[in-house]
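Protein chains in written order, with full-length UniProt numbering: chain G, 1 to 239; chain B, 1 to 239.
Take these hints with a grain of salt, some might be off.
Which residues of chain G face chain B? A few of them, derived with a C-beta cut under 10 Å, are [unchecked claim]:
id : residue
1  : Asp176
2  : Ala177
3  : Ala179
4  : His231
Pairwise CB distance ranges, derived in the manner of DEER restraints [as the list claims (entries may be wrong)]:
id : chain 1 : residue 1 : chain 2 : residue 2 : range
5  : B       : Ala39     : G       : Lys80     : 18 to 28 Å
6  : B       : Gln62     : G       : Asn189    : 22 to 32 Å
7  : G       : Thr58     : B       : Leu183    : 37 to 47 Å
8  : B       : Arg191    : G       : Ala154    : 46 to 56 Å
Which bits of chain G does chain B cover? Going by a derived footprint, with three or more residues having C-beta under 8 Å, they are [to be verified]:
id : segment
9  : 51-65
10 : 70-78
11 : 87-101
12 : 188-200
Since the hints were made in silico from the structure, they are not lab data. Quick reminder that beta carbons are idealized off the backbone N, C-alpha and C, glycines included.
There are 2 protein chains.
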Amino acid sequence: MPTESGQLGQHISRQFNEDLEHLRQRVLAMGGLVEEQIADAVTALITFDTDAAQAVITRDNQVDAFEVEIDDQCTKTLAKRQPTAGDLRLIVAIMKTITDLERMGDEAEKIARMAVHISENSDPTRPVKQHYGAISHFGDHVRQTLRAALDAFARLDVNSATKAARDERQSDAEYDAIARQVLTYMFENPRNISPGLDVMWSARALERIGDHTRNICEYVVYMVQGKDVRHAASDEDKV
Amino acid sequence: MPTESGQLGQHISRQFNEDLEHLRQRVLAMGGLVEEQIADAVTALITFDTDAAQAVITRDNQVDAFEVEIDDQCTKTLAKRQPTAGDLRLIVAIMKTITDLERMGDEAEKIARMAVHISENSDPTRPVKQHYGAISHFGDHVRQTLRAALDAFARLDVNSATKAARDERQSDAEYDAIARQVLTYMFENPRNISPGLDVMWSARALERIGDHTRNICEYVVYMVQGKDVRHAASDEDKV
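Turn these sequences into a full structure, and let the hints guide you.
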């Protein structure tokens, strides 16, 4: 752990340390599952694989169960250990992080539902496939940034969190590029409108996953520095 | 306050009671502002009023400031009073509620940005207006359900929260109807695609506001009963 988070390591009891370490591990496990869900949903979409998409939809229950379990443990730890300062911030940040992870899971599920819809309603040889390279690339980027944010979370590393948040901001431009491309495609032929919309919703879902990643980066800064960087007015404070 | 929430009223100090009452008031004030933002954004959209839309965009800072302020007070109250049981749940629920309110504010801001985009890019006499009755109706419904959820929150009333969540579920059908209508409109003429998409994004934003309202209803049940009803598998437990 980096020096600046040293104060988070000193606790009144070893049991409390173990509680925190256990919580941290559970958050990372939940994050890993969400990463997989995103990857699998995008793959199902671009390969027209209904079965894989259905598996993502079913597995969202596991993401939900993680949230309920970790939330419950956080509340119990708050009640039992009554932490203050850095420890309290850590638990508050965990409770916020899992809310964002759960919503990312929902977005992955939406992409999977879109994949089912597209598979059932469009011919795989249709020109909608021309956009899948961009969606796939966008999906990789979004997932890599989430991974970086979770690493920063695990190591309580403010610099990495700030960097991940910066990387994430590029995804807005990526989304805009896809939206423009798909709009042109929709203009070409009314038959393209419906599949074009599916691609747009999927890109939108990926963009929202990116927004949630940025939230997690902000919680890392809050945890370590106790500084609330959400809605920061000055660019210097923005993560 | 209803009987079932009686235990939330007994605290070790009068000061703590005052802290909680203050927090509750601030959440309701934030909720009132968000309600206004939604109403103003929808009105700006359907009246092609760029100035009103800009006012909504500017005012989103106030929503953000509310979130930071209340979150900070919650963390301080947790550290100072170290509440347990119902009091702890109340504060956790407040922290969750303001996150949802803040995101509703973001959705209202998106509608306002869409309003600016439409005003600047389309002729007010264009047929896109045919969908504005439905959007306006949808906006009213979403806002009324939010109001009901906030009332339930204020009175810690589980029955009202459950009812508000049920009402909110109808908005999914309302969204689907608008989407179908707009899709037909987009098919008619390629010139309709771009304004049609703006209407769709706006409807989607309203739908998301409804999702956040449902979250708030769930927090009310959690606060009062200590039962986590998110992702409840049985219909009986679902709010």
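Please flag the earlier hints that this structure goes against, numbers listed from lowest up.
The structure conflicts with hints 1, 2, 5, 6, 7, although it agrees with all the remaining ones.
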